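Asker: Note that the protein sequences, when read in sequence, are chains A and B. In this text, residue positions in the first sequence follow our numbering: the first is 1, and each later residue adds one. In this text, residue positions in the second sequence follow our numbering: the first is 117, and each later residue adds one.
No lab work stands behind these hints: they were computed from the structure. Any given hint might turn out to be false.
[Said to hold, decoys possible] In the DSSO-like style, the derived pairs of lysine-lysine whose C-alpha atoms are separated by at most 30 Å in a straight line are:
id : chain 1 : residue 1 : chain 2 : residue 2
1  : A       : K70       : B       : K326
2  : A       : K4        : B       : K326
3  : B       : K237      : B       : K527
4  : A       : K70       : B       : K504
5  : B       : K504      : B       : K125
6  : A       : K17       : B       : K387
7  : A       : K4        : B       : K530
Remember, it's a predicted structure, so these values are computed and weren't measured experimentally.
Spelled out, the chains give:
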Amino acid sequence: MAIKDAPTVDTIDFDEKAAYNPDRPISSLIRTQLLHLHLAEHIAVPEKERTNTNINMLHTERQASEYIQKVTALLHKYGKKTAKKSKPIKKKASAKKTAKSKKKTKSAQKKRTSRR
Amino acid sequence: MSQGLDNLKHIVVLMMENRSFDHMLGGLKKKYPKINGLTGNESNPDSAGSKVQVSATADYRGQLSHDPDHHFPGVDLQIYGGAPYAPGRVANMQGFVQSYGTQGPNVQDSHAIMNYFSPEKIPVLTTLATEYALFNGWFASIPGPTICNRAFAHYGTSFGNVDMNMFLVSDADRAKIPTIYERLAAGGHSAKLYYYDQPSSTMEIVNLIKDQSFFGVFSDFVADCKSGNLPEYSFVEPNYSDHPAPDGTQLLATDQHPDHHVLAGDNFIGKVYDCIRINPDLWKSTVLLIVYDEHGGLYDHVVPPDCTPDGFQAPEASTGVPGLTFKFDRLGIRVPAVLVSPYVPRGMVIPGPEDSQNQRIFEHSSIPATVSRHFLGGNDMGTPREQKAQTFLDLMGDNFRPDSDCVFFPKAMKG
Numbered sequence: 001m002a003i004k005d006a007p008t009v010d011t012i013d014f015d016e017k018a019a020y021n022p023d024r025p026i027s028s029l030i031r032t033q034l035l036h037l038h039l040a041e042h043i044a045v046p047e048k049e050r051t052n053t054n055i056n057m058l059h060t061e062r063q064a065s066e067y068i069q070k071v072t073a074l075l076h077k078y079g080k081k082t083a084k085k086s087k088p089i090k091k092k093a094s095a096k097k098t099a100k101s102k103k104k105t106k107s108a109q110k111k112r113t114s115r116r
Numbered sequence: 117m118s119q120g121l122d123n124l125k126h127i128v129v130l131m132m133e134n135r136s137f138d139h140m141l142g143g144l145k146k147k148y149p150k151i152n153g154l155t156g157n158e159s160n161p162d163s164a165g166s167k168v169q170v171s172a173t174a175d176y177r178g179q180l181s182h183d184p185d186h187h188f189p190g191v192d193l194q195i196y197g198g199a200p201y202a203p204g205r206v207a208n209m210q211g212f213v214q215s216y217g218t219q220g221p222n223v224q225d226s227h228a229i230m231n232y233f234s235p236e237k238i239p240v241l242t243t244l245a246t247e248y249a250l251f252n253g254w255f256a257s258i259p260g261p262t263i264c265n266r267a268f269a270h271y272g273t274s275f276g277n278v279d280m281n282m283f284l285v286s287d288a289d290r291a292k293i294p295t296i297y298e299r300l301a302a303g304g305h306s307a308k309l310y311y312y313d314q315p316s317s318t319m320e321i322v323n324l325i326k327d328q329s330f331f332g333v334f335s336d337f338v339a340d341c342k343s344g345n346l347p348e349y350s351f352v353e354p355n356y357s358d359h360p361a362p363d364g365t366q367l368l369a370t371d372q373h374p375d376h377h378v379l380a381g382d383n384f385i386g387k388v389y390d391c392i393r394i395n396p397d398l399w400k401s402t403v404l405l406i407v408y409d410e411h412g413g414l415y416d417h418v419v420p421p422d423c424t425p426d427g428f429q430a431p432e433a434s435t436g437v438p439g440l441t442f443k444f445d446r447l448g449i450r451v452p453a454v455l456v457s458p459y460v461p462r463g464m465v466i467p468g469p470e471d472s473q474n475q476r477i478f479e480h481s482s483i484p485a486t487v488s489r490h491f492l493g494g495n496d497m498g499t500p501r502e503q504k505a506q507t508f509l510d511l512m513g514d515n516f517r518p519d520s521d522c523v524f525f526p527k528a529m530k531g
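Chain A extracted, bound-state conformation (with noise of 0.2 Å):
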């Protein structure tokens, strides 16, 4: 057996290029990414390495991309040298007990009717 033996659906095509405007204005979610990236670029980049980007000034896709790309490489850049380690999590239970515990959650899931 292989994918070659699976049933086959076809996705619908339409038309891309038709369907590809980055001059877009922006949603108010696209709109929180830019203010968070902006505050966050101020919490993490030096003064020196910021973008001095007005995102007031971003009103479309292209260029709310264009900002949240340049953002989001430094903050990678910046994120390494701020990396901590995080507290370490014990395993709450021994693989046996683990498995015991997933039949009885298994059971008790199937009793619970509401969580009212």
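Following the hints, position chain B against chain A.
Answerer: Relative to chain A, chain B alone:
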């Protein structure tokens, strides 16, 4: 333990954007009565008092002239039909058209919020929903927007936030409630958040950036699936904007956020599925959850249930609803969620609130709860909400479905 769980080495979550259950999958009820979708008679009043019925006329783009409100006060209006906050008020899901009407130029435009897709228009999502397992009761974690809902998938809480404001998780909070990535890493397991590319980035970069090893991009996901190097837990994000690739290729947003092209997202779901499906070893050892972060202001007929509070409160100033301090004790609006694995029986429908005897209510805290339970044997560090969240791996059975029984989307891989 089932054969499916015995073989499970990888959990992959793909989280899309801003579409409700009924909007995407409600049309399936006609052919599959167990699916808690639409009868076609559901309605909402518009601002002129006329009844607006649901309609299978949703289009891929261009129909929603403005982004439907999905902030906390807007969702409150959608759920309670405009009734002001008072203890004991009854949810009726009658405020969607009213809510959209407050944003648009005319009453007629507000009717589009009741549109839903006929199943053949989004073949990947509807095929996977009917070929594998569909949740009738998977809800957004809070009745609010993207940022706080996505936080529940990573932390099992939004740390008291109900809005789109940026929140920086303090070291103290982080020590008490680490991300699922940090928990896995500390337990010696691998985890990665694959965002689409740098121009699209991820909302989580601000809080997760302290550990670079948690990040990859979508091309890494494709390569890791091919080479068999997928981490134990993967969270995949779609492309959030139309933008050019470095080689000049035109990249379409694939997140399905209104007003991005819904077919671009449907094909993207197919590609994520195919990447796993095409590698035989990966296919038999992986479960894929496809879920949406929140409803995006689009109509759903199911009243969100109460839930276990997560230990935080959002004051009236944050909720924007006069008199309402939110105790995180009610879920957000229902979203599409599909579980895919060769160990999941075809056509499984997990009952939701429509079946009071057998209902299972899921929300985004179910993601860290499930991942913690499977890889870490449980989790003492999550919120009370996460501790009590339903997990979904018991849906995997003993029977491995052969290749001839599991679909493939040949054109999705070419995109």
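Asker: Has the given pair, K504/B with K125/B, been kept, meaning a C-alpha gap of at most 30 Å?
Answerer: Distance of about 24 Å is within 30 Å: holds.
Asker: Would you mind confirming whether the straight-line C-alpha gap from K70/A to K504/B stays at or under 30 Å?
Answerer: 41 Å, violated
Asker: Are K237/B and K527/B close enough, with their CA atoms no more than 30 Å apart?
Answerer: 16 Å, holds
Asker: Given the hinted pair K17/A and K387/B, is their Cα-Cα distance within 30 Å?
Answerer: 19 Å, holds
Asker: Taken at face value, is the distance from the CA of K326/B to the CA of K4/A at most 30 Å?
Answerer: Distance ~43 Å between K4/A and K326/B Cα, so the pair is violated.
Asker: Can the restraint linking K4/A and K530/B be considered satisfied, given a maximum Cα separation of 30 Å?
Answerer: 16 Å, holds
Asker: Compare the distance between the alpha carbons of K70/A and K326/B with 30 Å, and conclude whether the hinted pair is satisfied.
Answerer: Status holds; Cα separation ~18 Å.
In this structure, the hints that do not hold are numbers 2 and 4, in rising order.
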